[in-house]
Structure formats: C-alpha cells, structure tokens
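K.L.:
Here is how the chains run, residue by residue.
Protein chains: 2
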Amino acid sequence: MTPASSERREQFADAVLRIIARAGCGAVSVRTVAAEAGWSAGALQKTFPTKEALLRAAVELLIARAEAQEDEEITATTVPDYLIAHLELSLPLDASRRTDTILWNAITTEAAHTPWMAEILRAQDDAVFDGLQDSLAALGNDDPAGTARALLALSDGLATQMLYAPERSAEIRAALRTAVPLLLA
Amino acid sequence: MTPASSERREQFADAVLRIIARAGCGAVSVRTVAAEAGWSAGALQKTFPTKEALLRAAVELLIARAEAQEDEEITATTVPDYLIAHLELSLPLDASRRTDTILWNAITTEAAHTPWMAEILRAQDDAVFDGLQDSLAALGNDDPAGTARALLALSDGLATQMLYAPERSAEIRAALRTAVPLLLA
Numbered sequence: 000m001t002p003a004s005s006e007r008r009e010q011f012a013d014a015v016l017r018i019i020a021r022a023g024c025g026a027v028s029v030r031t032v033a034a035e036a037g038w039s040a041g042a043l044q045k046t047f048p049t050k051e052a053l054l055r056a057a058v059e060l061l062i063a064r065a066e067a068q069e070d071e072e073i074t075a076t077t078v079p080d081y082l083i084a085h086l087e088l089s090l091p092l093d094a095s096r097r098t099d100t101i102l103w104n105a106i107t108t109e110a111a112h113t114p115w116m117a118e119i120l121r122a123q124d125d126a127v128f129d130g131l132q133d134s135l136a137a138l139g140n141d142d143p144a145g146t147a148r149a150l151l152a153l154s155d156g157l158a159t160q161m162l163y164a165p166e167r168s169a170e171i172r173a174a175l176r177t178a179v180p181l182l183l184a
Numbered sequence: 000m001t002p003a004s005s006e007r008r009e010q011f012a013d014a015v016l017r018i019i020a021r022a023g024c025g026a027v028s029v030r031t032v033a034a035e036a037g038w039s040a041g042a043l044q045k046t047f048p049t050k051e052a053l054l055r056a057a058v059e060l061l062i063a064r065a066e067a068q069e070d071e072e073i074t075a076t077t078v079p080d081y082l083i084a085h086l087e088l089s090l091p092l093d094a095s096r097r098t099d100t101i102l103w104n105a106i107t108t109e110a111a112h113t114p115w116m117a118e119i120l121r122a123q124d125d126a127v128f129d130g131l132q133d134s135l136a137a138l139g140n141d142d143p144a145g146t147a148r149a150l151l152a153l154s155d156g157l158a159t160q161m162l163y164a165p166e167r168s169a170e171i172r173a174a175l176r177t178a179v180p181l182l183l184a
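If you read the protein sequences in the order shown, they are chains X and S. Letter 109 of the first sequence, counting from 1, is numbered 108 in numbering that gives the first Met the number 0, and no numbers are missing. Letter 99 of the second sequence, counting from 1, is numbered 98 in numbering that gives the first Met the number 0, and no numbers are missing.
Derived by calculation from the structure, the hints in this document are not laboratory data. Careful, some of the hints might be misleading.
[Stated by the list, open to error] Heads up, incomplete: computed chain X residues facing chain S, CB under 10 Å, no partners named:
#1 Leu60
#2 Ile83
#3 Thr100
#4 Ala105
[Claimed, not checked] Estimated spans, in silico, between C-beta atoms of each pair:
#5 X:Thr77 to S:Gly130: 50 to 58 Å
#6 S:Ala34 to X:Ala169: 44 to 52 Å
#7 X:Val78 to S:Ala94: 37 to 45 Å
#8 X:Thr76 to S:Asp141: 21 to 29 Å
#9 S:Ala173 to X:Arg30: 23 to 31 Å
#10 S:Ser95 to X:Arg17: 44 to 52 Å
Note that CB positions come from ideal geometry on N, CA and C, so glycine has one too.
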C-alpha cells in the first residue's frame, strides 16, 4: 500500500465513523461516505470495492483508536481505585468518549446480523476479558472469570445508561464507585 | 380506532420489529415493511403517514410485550435469589429473549440520534429503576439508588455479552449469580 492510498483509506474509514456517530449505520452508503470524505464515489469504490471492506476498515480504525487511548496513565494507590479509574475511562464523560460509546453500541447492534462484525467484537471482548481476568487472578481474587465478566458488564451497562441520561452522570459514576469494591470483596 | 385499523397497525408494527431483529433499523423502509406485513405501500402510508409514527408504534408494541412478560411468576426464598431470577428473565437465554435483546440494543443505538426514542427509553428505564430502588429501600439497603443502577447495568451488560457469545451462556449466568449477592452486601 502506498502512503497516499493508506491515507485515503483512513479518510474513508473516518468518514464512516463520523456518519455512524451522527446518523447510525443505516446512513452509511457509497454516496454519503464519499461526500463526507470529500472524494468521488468512484474513488471510494476503487479504494473499497465492497461495503464490507469499507465497514471493516472503519471498525479496525475504531479499535486502533481505542488501543491508543488505553495508554492513558492511571495513578491510584489501591486496587479498587485503580479499577474504578480504568473502567471510568470507558464511560462517556466527554464528547469524544460519548462518540466512542455511540460507535461501539452501533457496531454491537449491527453485529447481531453481521457475522464478521460479531467475530471482531468477540475477539476484542476476549482480549479485554483475558487481561482483566489475569490481573484479578494475580491479585488472588477467588473467582477471576466471574468477577471480570461482571465488572465489564457493569461498566458497559453504566456507559449505556449515561448515554441516554447524561444529566445523571454523577449518580452513574457514584454507582460505579460503590459497585466495584463490592464486586472485588 | 376501529378494531380492523387497530389490528392493521399492530401488523405493521410487528413487521417493523421482525425486520429490525433480522436486519437492523437501517433495513426499515415503506417498501420492506409493507412487503413483510403483506400489505401495499399505500395501505402502510395510510395507516402510518410518517416513518416516525410507524417506528413509535413498533417501540410501543415492544414495550407492551415486555410488560406482559414481566408477569411471569418467580418463586424464590431469598432476596438475592429473587433478584437473580428476575434479572435472568432479561438475559437472552432462548430465541424469543434473544430477539428482544437484539431489538432493545437496536432501539438504544437508534436513540443516540433520535431524540423521541431517547425520551421513551429514559421513561422506560426510569420506571424499571424506580421499582427496583423502592424494593431495595424497603429491604433496608444502604444505597438503593446506586445498587439499583449497578444491578440494571450488570444485567444489561451481561445480556449484551450473551448475545455475541451464546456459547458462554453458562459462564455469563454464573457471573450474574456471583455478582448479585456481592452487590446486595
């Protein structure tokens, strides 16, 4: 891949993510994506011959961005505080994380009838789950698998609550702070 | 409304839900819904002059069905067991509940860019939250609001995990059984 074509691929993938965040997966078409990226429909179809290839590039871009964010430094003195801070990073507490939550929800929903998306999601979930399970096991947790699953479900569920009730962000954050130490007990 | 027109409204609303479950909100159009319901596009447009009116009827039908399901009887001797049984009813453990989970995820995702849907979801969430919070308060729970929020987030998050990893249903159910008593402690 030449640098120019790699850059164009990312422009189209980014255009797809902007359209999904604004109007949902149903609004993604050759016409809308080409217009959003500022290229012709022909240029888009030359770069991504199928809609699946285009959507794959968008999902991969979203994952790459999520991985880059995870490098944010967390300072905490206790295990529950560390976990709370870590899980809070996935809550839609600012505009950029709100967009990320909308995008992940959209892809999760689309995956229900799109097997290749479900496969990517499962691999992604497994990686996060395995990492958390290993950390909990190293800390001597009695049920690292169950606890990891519950902690991830809790933070995903709270992120969705916050999306539709942003005015309750403080209560939702408080629920995370209360629940994490209980789940680690 | 005549009985005939009420029946036709429900046929169209049900057709919308079947299409969303199978192919997502993006697949809902006058053409697809009329075909799915076995009526003409004209009959659909006479019954529902706008797409919003049609989608509203579909969301209302989904809520009415969810409310009817909640009447299922739960027999449990302890509070955690009762709550586990109650929350398990929302897990996609059979085909019908799997469809419901897909539909709720689709509507939650759509609500991110559809204010009237977000409003219905908030009202729906509030009703469930208030009921659970009141029950927890009556049981003497120290933090009924935080606990209610955490329990609902947990079961929503586990339902989504189960949708994409149905082969892990047993582990996901086990995580619910472990986490609920800890959150009630």
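K.L.:
Now tell me, hint by hint, if it's right for this structure.
P.N.:
For each hint, the structure was consulted:
1. Leu60: The hint is violated - Leu60 (chain X) has no Cβ within 10 Å of chain S, the shortest such distance being about 19 Å.
2. Ile83: Result: violated, 13 Å to nearest chain S Cβ.
3. Thr100: Since the shortest Cβ distance to chain S is 8 Å, the answer is holds.
4. Ala105: At about 5 Å, which falls below the 10 Å cut-off, the nearest Cβ of chain S leaves the hint on Ala105 (chain X) intact, so it holds.
5. X:Thr77 to S:Gly130: 50 to 58 Å: Violated - the Cβ-Cβ distance for Thr77 (chain X) and Gly130 (chain S), about 34 Å, lies outside 50 to 58 Å.
6. S:Ala34 to X:Ala169: 44 to 52 Å: holds, 47 Å
7. X:Val78 to S:Ala94: 37 to 45 Å: Holds: the Cβ-Cβ distance is about 40 Å, inside 37 to 45 Å.
8. X:Thr76 to S:Asp141: 21 to 29 Å: For Thr76 (chain X) and Asp141 (chain S) the Cβ distance comes to about 25 Å; the hint holds.
9. S:Ala173 to X:Arg30: 23 to 31 Å: violated, 47 Å
10. S:Ser95 to X:Arg17: 44 to 52 Å: Given a distance of about 36 Å, which is not inside 44 to 52 Å, the answer is violated.
The structure fails hints 1, 2, 5, 9, 10 (numbered hints given earlier, in ascending order).
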